[in-house]
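Construct the entire structure; sequences and hints are all you get.
As a plain string of letters, each chain reads:
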Amino acid sequence: GDSVTQMEGPVTLSEEAFLTINCTYTATGYPSLFWYVQYPGEGLQLLLKATKADDKGSNKGFEATYRKETTSFHLEKGSVQVSDSAVYFCALRTDSSYKLIFGSGTRLLVRP
Amino acid sequence: EAGVAQSPRYKIIEKRQSVAFWCNPISGHATLYWYQQILGQGPKLLIQFQNNGVVDDSQLPKDRFSAERLKGVDSTLKIQPAKLEDSAVYLCASSLYGQEQETQYFGPGTRLLVL
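Listed in order, the protein sequences are those of chains A and B.
When we follow this note's numbering, the leftmost residue of the first sequence carries the number 1, and every step to the right adds one.
When we follow this note's numbering, the leftmost residue of the second sequence carries the number 1, and every step to the right adds one.
It is worth saying that the hints were derived from the structure and are not from the lab.
There could be a bad hint or two in this list.
[What the hints assert, rightly or not] In silico EDC-like pairs for lysine to aspartate or glutamate, Cα to Cα no more than 20 Å straight-line:
id, chain 1, residue 1, chain 2, residue 2
1, B, 11, A, 42
2, B, 44, B, 102
3, A, 52, A, 76
4, B, 44, A, 42
5, B, 78, B, 57
6, B, 15, B, 63
7, A, 52, A, 95
8, B, 78, B, 14
9, A, 56, B, 102
10, B, 44, B, 68
11, B, 15, B, 86
12, A, 77, A, 15
13, A, 77, A, 55
14, A, 52, B, 102
15, B, 44, B, 57
16, B, 44, A, 95
17, B, 44, B, 86
18, B, 44, A, 2
19, A, 56, A, 76
20, A, 60, A, 15
21, B, 44, A, 8
[Claimed, not checked] In silico negatives: residues of chain B with every beta carbon more than 10 Å from chain A:
id, residue
22, 7
23, 8
24, 14
25, 26
26, 27
27, 30
28, 53
29, 60
30, 74
31, 78
32, 83
33, 84
34, 112
35, 114
[Stated by the list, open to error] A few chain B residues that face chain A, going by a derived Cβ cut-off under 10 Å, partial list only:
id, residue
36, 31
37, 33
38, 41
39, 98
40, 102
For glycine and all other residues, C-beta sits at the position ideal for the given N, C-alpha and C.
As structure tokens, this is what we get:
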């Protein structure tokens, strides 16, 4: 069945470091791909999305490119801030069911 | 624009008791979702409503869980009787039409602890 695999956390970085969180997926057809973020004490928020191969989603300095050949959607940011500390979830949605299928989440901790 | 509202935010019950959660989606959103998020895992869809009809409840444990959305607006999710493994955060989300590329907006969740 459809699934999402994320790198395990926690990921601990110093402020201004480069961030990569790996995400790969298994799905039939052509899913849409999403990154959601969950800040402490808050609900899930959409960070960015891509709906077809080679699309790049971007928001708040974060980027992810939909790579169909490697079935990946890795999240990157050039310079992280303390305020980026949160749990990041990769997710997919297929046109056959429309439900979101999430990875297990990756906790990011950014130190000053 | 008001977001998705949920209550209560926290609930502690003993096993075999019953509990209910309430969700009010964003105004005008036809599609409503309930997800279960167990600690250390990603959210898992329990049930999806389109207006007041059920679209997908394939992962809802129907022997103990029930949900309704009577007037196509707010919704309640009930567990009766609760088990220890039901301890989780229950997230409600809504979207405009429920289509593939739409954004789902999530509420803050209800954290349930079953003792």
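Of all the hints given earlier, name the ones this structure violates by number, lowest first.
none
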